[in-house]
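Residue numbers (this note's numbering), protein chains in the order written: chain A, 2 to 238; chain B, 56 to 349; chain C, 386 to 798.
Hints are computed from structural coordinates only; laboratory data are not their basis. No false leads were slipped in.
Below, simulated DSBU-like cross-link-like pairs (lysine-lysine); rule was C-alpha separation at most 35 Å, straight line:
1. A:K115 <-> A:K174
2. C:K772 <-> C:K543
3. B:K182 <-> C:K562
4. B:K140 <-> A:K55
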Amino acid sequence: MSLLNIENISAGYGEIQVLFGISLHVKEGEIVSIIGANGAGKSTLLKTVSGLIKPSSGRVEFAGKPIHELPPDEIVEQALIHVPEGRRLFSQMTVYENLEMGAYSKHAEVGFAKNLGDVHALFPRLKEREKQLAGTLSGGEQQMVAIGRGIMAQPRILMLDEPSLGLAPVLKKDIFAAIKKIAETYGTTIVLVEQDVVNSLAISDRAYVMEQGQIVMEGNSEQLMADPHIKTAFLGL
Amino acid sequence: MLGIIEALINGILMGSIYGLTAVGLTLIFGVMKVINFAHGSILMVGMFAAYWFVILTGWNPYFAIPVVVPLLFWFGYYMQSFIIKPIFEAEKDVREPITVIIVTTGIWYVLDNLALMIFGAEFRVAKTSVTGQVFEFYEMYFLLPKVIGAGITMVCGIYLYWFLKHSRMGKAIRATSLDREAASLMGIKQAKIYNVAFGLGSACCGMAACVLIPFYYVYPTVGVPFDIKAFIIVVLGGLGSIPGAILGGIIVGIIENVGAQFMAATWTELLLYGVFLFVLLVKPSGLFGQKHDY
Amino acid sequence: MKMFKQLVVPVVALAMLAGSFGFAQAAPDTVKIGNIIPLSGPSASVGIQGKQAREMAVEEINSAGGIKSLGGAKLELLFADSKGDPTVGVTEAERMINSEKVHLLTGCWNSAVTYPTTQVAERYGIPFIVPVSVRDTITERGFKNVFRIAAKDGWWAKDQFVFLDDMKKEFNVDIKKVAFVYENGDWGVGFAEKWVDLAKERGYEVVLNEPYPSTASDLTPVVIKLKRAKPDVVFMTSNAADAILLTNTMAEMKVNVKAIISSGGGHADPSFLAAAGQNAEYLFDIVEWEADLNRPGLKETNDKYKKLYGHNLNGESVDAYAAMYVIKEALEQAGSNDPEALRKTLSEIQVCGGKVGLLAYDCIDFDESGQNKNASLVIVQTRTKGKEMDRITVWPKNVRRAGYTPVFPQPEK
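Bound conformation, chain A alone:
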């Protein structure tokens, strides 16, 4: 029985359809990657799950309950947390205030102090820069804040949209390591949308491949890493 069940979802922006009948599932405790090139519709998929976009057809079920008609704030309340693409920090607010905003929802209030401690343990630099305006941080630090915000929301599922985008290789490694650590330490289910195939497959259990709004391949990570199509399309081999 899956924690997250996406059945035949079609969605888009106004007249433009981006997703064409996507179906996938995520079991509790898994790390699942969704990989694909730019424009495949990965971000649109996450936005549909988190409620920013209403699907034109299909169902999304979380812990057995349908959520595809709920507004974003109610989905957050169920501990399905979306860390959006491009970090989207509140640039004129401090690091601390951004993390505070992560814990805005009622269910996250209880564990505020503990979660804050966890974030600081994971990303010590954020404690140093607590009072700094988020907009003045480096790219890597901003990504840490974005993920930290996600943790503050006490997630049952954490969906991350291209967390390594635009970061130097060293930083990328740190980010992926942090994500793996979150899954291991807290048992959080992770959905990882990425263009960096190697690194994301390395930390995930399973993966789906998206192309032009459809799932074209799925399987466990080892299998996919060895697949020739993947190798040519994404690894340039």
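Put chains B and C on the given structure of chain A with help from the hints.
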């Protein structure tokens, strides 16, 4: 020389009150990215409410504050909730919500004309216990209601600043004005934030109304001259900045008053627009504005 | 003989048939009068009073049988709100003439609106009666269709200064410095231009010449300037809203002068007196009419108006009222509602007594420029009477209210 000092102080006093009327406008714009053309009419509603409160009870006009301010808060809250929100939702993906602007303009016309029909076109002045009282200082005279009004503006400004910086709702409002999608993903309910922001903006009008009634007259289109000034102040001070609105108001008040000592009052309006254009050329986002990409 | 009968009868029958069309057209029509006045904005309260006065006059005329020479035709009033805006006035005039097909127009209170709006009437050849609107140039353009009842502003300004001369003499007071504070529209500027010349003639020093926008939200800067200038006498021309603001602020800031002379308009508006109250004490205002004038039929008419609408008649409403009666007379004499015939009649007519006797003079008689040559003015002083403010006629001395001595100079605050 004394004349100039008197004019300067009067400018600061009246200017802070202008600033108070502009605070609501800047708040609404900062959060919702909507220019509320009904702002002046909301001020007018507040002024009529304060006027009738004073006339019917005969009490000190500042006692109207606990009545008029919450009244206007709910007026704005429900106006947003029932009239503006549906239009807003329909234009959710549109970057510039033009229809919302048109709707607020419609509300402006409806409110003003309703007031004209119900109350008639005459100018009404409420005689209150502070009306006409003057505060003398070295041969310079300052109207007591204006001094009190300026004081109230400062208190409101400080309170709002504190509220936005430190309260949970205040931070949620700030977050929404910075990035509304990201704010939704934090679990912040957009509709509620907009309602509260609109309510707060209207409550500021209510406060300004109570401050104005002791020395100003009320009539159905009284909102118009204040609205025009409020727009100038908001752009001057920076869209979305509350300190900017108050400071912008004070600057406008000073230009009006001190400028008038050197040229005919007719020309001070021109001077005001001149300064406004100059600031826009040099710093388009206004004095305290942020460089936003809306 | 037979042929004569055969010829004459059909001819006579034809003539009677043709003639019957003429009779059918003489059946009661309505005469449409378009009125373009401010029903909203700073001059709204005066505009509305003018509307009420016109309605009262027309109701009286219609219930007395309408226009007899037109077979009992009734007068019909159409109103348009000028909003105090000249462009709106012009558009409304076009609409009234072209769509509503009015036979006559009246309006517009604000000189700035009357000036271009009468131009529209002149272009279409529709007679336009101006009850007040004092800007000289309204009747100085060689127009044939514009008729003004009230005095021109040149006469108003001159009388204000002559009044001051008389007060100086009567109370033995010296006046050296004068200040001019006026709304910056057509009306106020017109007065100010005359004041400057008149002051120069008499050797007064003009310590302040201050135009201001009528819609200003704060007139404190003007009052501060006025106070610093220390004039002996202040001349003012204001609309009701700004009159209220200025008078109250001047009292609050304790501006002490020997006299304030205002120019009607806002200062004559009942809402000004209600709002300014005691702050308006001792103010001198020039108007062309006041409710305490000793004129036949005035009291009855004023009482009727007061009963219907809740306040006294004033300059604008009285002139608007008289304008309706002038129109009635012109229609009766012309026996037609054709604009050219009306125009001709208006230029020649002399309307005396009756309802016109309400005015401060006996007859309305328009000269070649369309100006009523008999128009005259009075000066009143405002004094507290119980809970209200009273306006007491003080000048010319021969119409001064019996038993009253003007207070000049006014006491210090």
